[in-house]
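Student: Work out the full structure: start from the sequences and follow the hints.
Chains A and B supply the protein sequences, listed in that same order. Heads up: the first sequence begins at 21 in this note's numbering, then just goes up one per residue. Heads up: the second sequence begins at 21 in this note's numbering, then just goes up one per residue.
Identical chains share a label here; the pair holds if one copy fits it or two copies do between them.
Below 20 Å or equal to it, Euclidean Cα-Cα: the simulated SDA-like pairs (lysine to any residue) are:
1) Lys458 with Gly442
2) Lys284 with Ser316
3) Lys211 with Thr274
4) Lys340 with Tyr286
5) Lys284 with Glu312
6) Lys211 with Gly275
7) Lys284 with Leu343
8) Lys340 with Asp294
9) Lys340 with Glu283
10) Lys340 with Glu327
11) Lys340 with Arg287
12) Lys458 with Asn80
13) Lys211 with Glu242
It is worth saying that the hints were derived from the structure and are not from the lab. Given the structure is predicted, the values throughout are model-derived calculations rather than measurements.
Each chain, written out:
There are 2 protein chains.
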Amino acid sequence: MDRKIDVTELALRDAHQSLMATRMALEDMIPACADIDAAGYWSVECWGGATFDSCIRFLNEDPWERLRTFRKLLPNSRTQMLLRGQNLLGYRHYEDEVVDRFVAKSAENGMDVFRVFDALNDVRNVEHAIAAVRRAGKHAQGTICYTVSPLHTVEGYVQMAGELIALGCDSLCIKDMAALLKPQPAYDIVKAIKAVYPDVRIAVHCHATTGVTLVSLMKAIEAGADSVDTAISSLSLGPGHNPTESLVEMLEGTGFHAGLDMEKLYRIKDHFIDIRPRYAEFFSGITGVETEIFASQIPGGMISNMESQLRQQGAGDRLKEVLREVPRVREDAGFPPLVTPSSQIVGTQAVFNVLMGHYKVMTGEFADLMLGYYGRCIGERNPEVVAIAQAQAKKDPITCRPADLLQPEWEMLRAEATAISGCDGSDEDVLTHAMFPKVAPAFFASRSEGPKNVGRDPLEVAAAQAAQAAGAAGTGSVRTPISYKVTVNGTPHSVSVAPA
Amino acid sequence: MDRKIDVTELALRDAHQSLMATRMALEDMIPACADIDAAGYWSVECWGGATFDSCIRFLNEDPWERLRTFRKLLPNSRTQMLLRGQNLLGYRHYEDEVVDRFVAKSAENGMDVFRVFDALNDVRNVEHAIAAVRRAGKHAQGTICYTVSPLHTVEGYVQMAGELIALGCDSLCIKDMAALLKPQPAYDIVKAIKAVYPDVRIAVHCHATTGVTLVSLMKAIEAGADSVDTAISSLSLGPGHNPTESLVEMLEGTGFHAGLDMEKLYRIKDHFIDIRPRYAEFFSGITGVETEIFASQIPGGMISNMESQLRQQGAGDRLKEVLREVPRVREDAGFPPLVTPSSQIVGTQAVFNVLMGHYKVMTGEFADLMLGYYGRCIGERNPEVVAIAQAQAKKDPITCRPADLLQPEWEMLRAEATAISGCDGSDEDVLTHAMFPKVAPAFFASRSEGPKNVGRDPLEVAAAQAAQAAGAAGTGSVRTPISYKVTVNGTPHSVSVAPA
Numbered sequence: 021m022d023r024k025i026d027v028t029e030l031a032l033r034d035a036h037q038s039l040m041a042t043r044m045a046l047e048d049m050i051p052a053c054a055d056i057d058a059a060g061y062w063s064v065e066c067w068g069g070a071t072f073d074s075c076i077r078f079l080n081e082d083p084w085e086r087l088r089t090f091r092k093l094l095p096n097s098r099t100q101m102l103l104r105g106q107n108l109l110g111y112r113h114y115e116d117e118v119v120d121r122f123v124a125k126s127a128e129n130g131m132d133v134f135r136v137f138d139a140l141n142d143v144r145n146v147e148h149a150i151a152a153v154r155r156a157g158k159h160a161q162g163t164i165c166y167t168v169s170p171l172h173t174v175e176g177y178v179q180m181a182g183e184l185i186a187l188g189c190d191s192l193c194i195k196d197m198a199a200l201l202k203p204q205p206a207y208d209i210v211k212a213i214k215a216v217y218p219d220v221r222i223a224v225h226c227h228a229t230t231g232v233t234l235v236s237l238m239k240a241i242e243a244g245a246d247s248v249d250t251a252i253s254s255l256s257l258g259p260g261h262n263p264t265e266s267l268v269e270m271l272e273g274t275g276f277h278a279g280l281d282m283e284k285l286y287r288i289k290d291h292f293i294d295i296r297p298r299y300a301e302f303f304s305g306i307t308g309v310e311t312e313i314f315a316s317q318i319p320g321g322m323i324s325n326m327e328s329q330l331r332q333q334g335a336g337d338r339l340k341e342v343l344r345e346v347p348r349v350r351e352d353a354g355f356p357p358l359v360t361p362s363s364q365i366v367g368t369q370a371v372f373n374v375l376m377g378h379y380k381v382m383t384g385e386f387a388d389l390m391l392g393y394y395g396r397c398i399g400e401r402n403p404e405v406v407a408i409a410q411a412q413a414k415k416d417p418i419t420c421r422p423a424d425l426l427q428p429e430w431e432m433l434r435a436e437a438t439a440i441s442g443c444d445g446s447d448e449d450v451l452t453h454a455m456f457p458k459v460a461p462a463f464f465a466s467r468s469e470g471p472k473n474v475g476r477d478p479l480e481v482a483a484a485q486a487a488q489a490a491g492a493a494g495t496g497s498v499r500t501p502i503s504y505k506v507t508v509n510g511t512p513h514s515v516s517v518a519p520a
Numbered sequence: 021m022d023r024k025i026d027v028t029e030l031a032l033r034d035a036h037q038s039l040m041a042t043r044m045a046l047e048d049m050i051p052a053c054a055d056i057d058a059a060g061y062w063s064v065e066c067w068g069g070a071t072f073d074s075c076i077r078f079l080n081e082d083p084w085e086r087l088r089t090f091r092k093l094l095p096n097s098r099t100q101m102l103l104r105g106q107n108l109l110g111y112r113h114y115e116d117e118v119v120d121r122f123v124a125k126s127a128e129n130g131m132d133v134f135r136v137f138d139a140l141n142d143v144r145n146v147e148h149a150i151a152a153v154r155r156a157g158k159h160a161q162g163t164i165c166y167t168v169s170p171l172h173t174v175e176g177y178v179q180m181a182g183e184l185i186a187l188g189c190d191s192l193c194i195k196d197m198a199a200l201l202k203p204q205p206a207y208d209i210v211k212a213i214k215a216v217y218p219d220v221r222i223a224v225h226c227h228a229t230t231g232v233t234l235v236s237l238m239k240a241i242e243a244g245a246d247s248v249d250t251a252i253s254s255l256s257l258g259p260g261h262n263p264t265e266s267l268v269e270m271l272e273g274t275g276f277h278a279g280l281d282m283e284k285l286y287r288i289k290d291h292f293i294d295i296r297p298r299y300a301e302f303f304s305g306i307t308g309v310e311t312e313i314f315a316s317q318i319p320g321g322m323i324s325n326m327e328s329q330l331r332q333q334g335a336g337d338r339l340k341e342v343l344r345e346v347p348r349v350r351e352d353a354g355f356p357p358l359v360t361p362s363s364q365i366v367g368t369q370a371v372f373n374v375l376m377g378h379y380k381v382m383t384g385e386f387a388d389l390m391l392g393y394y395g396r397c398i399g400e401r402n403p404e405v406v407a408i409a410q411a412q413a414k415k416d417p418i419t420c421r422p423a424d425l426l427q428p429e430w431e432m433l434r435a436e437a438t439a440i441s442g443c444d445g446s447d448e449d450v451l452t453h454a455m456f457p458k459v460a461p462a463f464f465a466s467r468s469e470g471p472k473n474v475g476r477d478p479l480e481v482a483a484a485q486a487a488q489a490a491g492a493a494g495t496g497s498v499r500t501p502i503s504y505k506v507t508v509n510g511t512p513h514s515v516s517v518a519p520a
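Tutor: See below:
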């Protein structure tokens, strides 16, 4: 008897977040929902991560309405979200009541499975969210962020698994956000957790960036993993994930099967083949694979960020120095995993160190990281750098759970939110404001105009460019730069042409 | 002790053949040779396949000179080529003396490893070439083309392995040209061959199109494969091959290692990152993965060919019918593997069947296939279709080795070749004429002009398009060079464009 491997489809959340800057409009996903609902997935990730932020910042979409729509269109599926523990979907720690209310409202609006993680793997930062999910009667998935350092061991991951299980998690996720999980460690970690906790359900989430992680999923499955994450092929690979159809085919004859309906998968694939080119301008520069991540441990998206930071400072030639500096900064900080927001914090500090000298200028966020305000890391922090952080931030290091320092804030957030024009007074709107106080007012003001689809028909884009070029040339000369989208090997480049 | 897995690098032959229609100029490969030579590969595939044809047809390059150049620039490496058995690098069967002379001249000009295959897996068609390689004192690799049908079994592949070993092959290759080899069959076939022939060296060659074959390489290695084929990451994936760097990383900790120098690999990768965009216009439409190949068994390149054939006939909407017809035609022909030239022969006949009715019109090549003039297939041919072929081609079916019907032809080929203006009278030139009689005269005539690099700077392409758009809209033509400032992804370039 083949053992069934459950699959979580990522097309509606992490796939487009990783490939096209989270820009996909709900209306471009709706036509695929019936097939997704019927294909046989264990769950459908469709909310959380950066989608909430992107909805209100770029798409004029109410994220809560998106959730309710998915709930309606996926009646036979478990919906799934990614939740940053005590940070919810924002970028700071929230007081526990806000966490409670966010989880309760997410459940009420249709969320089934909550994958809860903390960027530092500090279990104290996920504890409250997991308890809230359990109280809501929903599936709480505790998450281990996979990273590599001299201190990270299989035994350490087993220990963290035990801590998450002790919180009452319904399942565990090994989250490999940078595609660093090689086949053998994938096997060893799953095997070791299952040896100690044979009944725990283990899901494995890998990105595809380094090209090795479909092999890692195979090895994790051989070691006993119950569930894996994939994305339909037309929204897969590069900085995204392994293709769902390839997973299905890979398992044939191995004693495992994914139990997915291939005809449905092809229909989902065909839908997104048509949709994908509409978002070409948002695509990541990475196609193919990038294995140098193993050396630098820096996710691809972070490298492009650093390149642009460096160019802005007229130091575009110093990327290699920065790539060498990142591991040192990470070691000073006690070897945090590099994932939102720790990746940005460590990366930006590495840029500052290279441009301005070793910790001559420290970002506020990095100081907070060094002083414990994001939680604790696996390693000791470099005491000299802690001292610099303390002097600069004029704050003492802490060892408690960061949220323990917070005062009750729900009523204040409610008062703030309801004072904003366009806020409808619901808890959902208060939560939107709580997580994105700078973005929410503009969104509340424009919400009634309805969603803005930022995808564009590639033919219309080309026609507009041709018309623009013709118009500019017709007037005698090209006065303003003309922008072209030049796609080389499938990678879009922004090219602007102006008279010299 | 880790077991070392040998690696054949494909960058210089099959990678650019699969990704960019074999158009890469020798001068764009030369700068990578020192690093390739020092990286630790078991062999470097750099000749054969379609490169010979492309050299004389598109690049005005003497393929023999290309071989001698690689021999010089790869002094520490085994050079490797792909040879289509009795077809050599052409598209018909050659009389044995031509085969002998081709192999001898290839060896003399610097070839070390000859991977010899037949599109129908008819061992009689590789026998003579393998004997010639052995006489030349070079490495003869007998090849099993992997395909899937009701008649193809692990036992059948083991039997074919035995037949190749009996010919004195130094090693075997399992050649998965369409990326159909899934992990479990990869394991089973290698394991079964090793069980019967424990000392035979087995290389596994997979394309990456379906996204599963890096897993297949892992499984083949676990089953005892000695060697695998990969391409440097910047020339990998899509219809090409799995990335070399990913293979190296995949093996870490598994008990196997590739013994390659990662710093050298990064340098090779960086070189081809720069080169690749110059050939954008030749790129295959396939990026990402394509798993529907498993259902239709039709390689990606063949699908685009069929689409364009159908469109030319105003039947662009009938692709699905053709995709369903291909497996029927293949069954009628006795389940040949689909690889050059059988893929084209079967695919074109399927198009004819859909457009004009079931074998109402039969191509000459398909009739020859049905009558045994390409060799024998694993299955019985459909006798009704054989009868149609016989009636149309006015030839009897044969069961002998096709080349046995050929008269000695070397002296005639020599006389033909030396009569062509520009032929230098060498055996190499005679062989060039023998394989490509329609192309050789133009090549001999223009050879003295030297190689033509068909790669183009993408910035110049963009600027030329802009100038053309501006010119077309304005004065109608661009007479003098125009200077543009072209900004690509934020980096400014000075580009001047003039009419060619």
